[in-house]
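For the protein sequence lines, the chains are R and Y, in the order given. Read in full-length UniProt numbering, the first sequence has 15 at position 15, and its numbers run on one by one without any break. Read in full-length UniProt numbering, the second sequence has 74 at position 74, and its numbers run on one by one without any break.
These are calculated hints, taken from the structure and not from any lab test. It cannot be assumed that every hint is accurate.
Because identical chains share one entry, a pair is satisfied inside a single copy or across any pair of copies.
Calculated pairs, SDA-like style, for lysine to any residue (alpha carbon to alpha carbon, straight line, at most 20 Å) [what the hints assert, rightly or not]:
1. Lys109 with Gly78
2. Lys49 with Arg139
3. Lys23 with Glu4
4. Lys62 with Glu84
5. Lys109 with Glu67
6. Lys23 with Phe99
7. Lys23 with Glu74
8. Lys109 with Glu4
9. Lys23 with Val36
10. Lys109 with Arg2
11. Lys62 with Gly232
12. Lys109 with Met58
13. Lys109 with Val36
14. Lys62 with Glu22
15. Lys62 with Ala176
16. Lys23 with Ala156
17. Lys109 with Glu35
18. Lys49 with Ala87
19. Lys23 with Asp221
Below, each chain spelled out in residue letters.
Protein chains: 2
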Amino acid sequence: MRVEIWSDIACPWCYVGKARFEKALATFPHRDQVEVVHRSFELDPGRAKDDVQPVITMLSRKYGLSEEQARAGEDNLGAQAAAEGLAYRTRGRDHGNTFDLHRLLHLAKEHGRQDELVQILYRANFAEERSLFTEGDDRLVELAVEAGLDADAVRAVLADPAAYADEVRADEREAAELGANGVPFFVLDRRYGVSGAQPAEVFAQALTQAWGERSPLTLLDQGDADACGPDGCAVPQH
Amino acid sequence: MRVEIWSDIACPWCYVGKARFEKALATFPHRDQVEVVHRSFELDPGRAKDDVQPVITMLSRKYGLSEEQARAGEDNLGAQAAAEGLAYRTRGRDHGNTFDLHRLLHLAKEHGRQDELVQILYRANFAEERSLFTEGDDRLVELAVEAGLDADAVRAVLADPAAYADEVRADEREAAELGANGVPFFVLDRRYGVSGAQPAEVFAQALTQAWGERSPLTLLDQGDADACGPDGCAVPQH
């Protein structure tokens, strides 16, 4: 079974939702047969790369909240994160464009290091004092190397804005096709969707349901198959 | 869309079928959104690692063919391969246990090099004069490095019979669950199956059908979703 998780590193509910999903997965009896893939979704794709703002300022400007409302929202999110055992700095975080982060996550996918990098980027964005957005490429190289990637390969991707850009766009196009207009968005075997940071019980139920309802395949063209099996290989018929 | 291909490196129809599938994929309009994954299937899992035989001898002993029949089968397969532009040595090939090859293919998957290694192993088994089975680990290291893998990582996997063994077994268990009793076996989005090295037209039709019938997701728990979207992040409700 495959679970795809559309998310953005700048999305607090993605950070919390991933922890809740993983809590459910940890007790799922068939967890060894579940493959988790992270998919790209930018909440703020129009933001210029050099336009970095404090999160509170961004929230009040972009969504018309008072600074007090924005702070209350961050406090609420911090409490939800803490309930999942996640560190969350409710003050002093920065917000910026996440396109380069998604490009690096696709590089990491090719090297089997995607989940490691997702975790490290979440931690860097939500829990660490250093900004993920104002220290330039050096900071990203440092984090990607921590995830097990090669520093030169990371630098090469960051230096070429086209690298993995198509992959990010393809993920975002698929999210739209699947009906996701917010994240996190969980898709189980392309059959079931779960929207948002639902409680772990909802993910547990979704895993059980999707597992139990795996449908038998529809076999196309069941004519003479040129195949090899335990009794040998078919002799060509055509 | 995801296409999973169960196959064995020692399976001539897998070699031919992959080429036919790729011919269909090359002209499929949505090919950029098709991900191809190779899955493990051993045709001869009971063969001891050091039990290497000429293919003709294996065919006649294992399947009760006369040597003449075995040679005719290889000639037929060679002709089918040639029709797809594939080199195929109909005489002098060896047959052996492929478990280590499958373990390396899982290593390659983790490094984004699986398709490269599949192609190189097929070529080594079907087209090259050197045996894939009698030269020991050095030969496998050489081929895996050609596919872009790190020599030390390859040696470490070959030295540890448990490395990726569970992944190979899991693929084989899934094949059985999906009803595959021979290879190649193609599975499109876990909805449609195509058994055998069908003509490219069958694969083209399967791709079109699976693409067109991608079902909308069933959304589980559509209650209040703690999610972030273009208009901001939900305020915690629970």
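Going down the list of hints, with the structure as the test:
1. Lys109 with Gly78: Neither way: Lys109 and Gly78 sit 29 Å apart in one copy and 37 Å across, limit 20 Å.
2. Lys49 with Arg139: Classified as within; 15 Å inside a copy, 48 Å across copies.
3. Lys23 with Glu4: Within one copy only: 16 Å inside, 28 Å across.
4. Lys62 with Glu84: neither (28 Å within a copy, 57 Å between copies)
5. Lys109 with Glu67: neither (38 Å within a copy, 48 Å between copies)
6. Lys23 with Phe99: neither (28 Å within a copy, 34 Å between copies)
7. Lys23 with Glu74: neither (23 Å within a copy, 53 Å between copies)
8. Lys109 with Glu4: both (13 Å within a copy, 18 Å between copies)
9. Lys23 with Val36: Answer is within: at 14 Å inside a copy they meet the 20 Å cutoff, but 30 Å across does not.
10. Lys109 with Arg2: both (15 Å within a copy, 16 Å between copies)
11. Lys62 with Gly232: between (66 Å within a copy, 8 Å between copies)
12. Lys109 with Met58: neither (30 Å within a copy, 40 Å between copies)
13. Lys109 with Val36: Classified as both: same-chain Cα gap 11 Å, cross-chain 14 Å, threshold 20 Å.
14. Lys62 with Glu22: neither (31 Å within a copy, 47 Å between copies)
15. Lys62 with Ala176: neither (22 Å within a copy, 53 Å between copies)
16. Lys23 with Ala156: neither (36 Å within a copy, 32 Å between copies)
17. Lys109 with Glu35: both (12 Å within a copy, 13 Å between copies)
18. Lys49 with Ala87: neither (26 Å within a copy, 50 Å between copies)
19. Lys23 with Asp221: Answer is between: at 18 Å across copies they meet the 20 Å cutoff, but 42 Å inside does not.
Violated hints, in rising order: 1, 4, 5, 6, 7, 12, 14, 15, 16, 18; the structure is consistent with all others.
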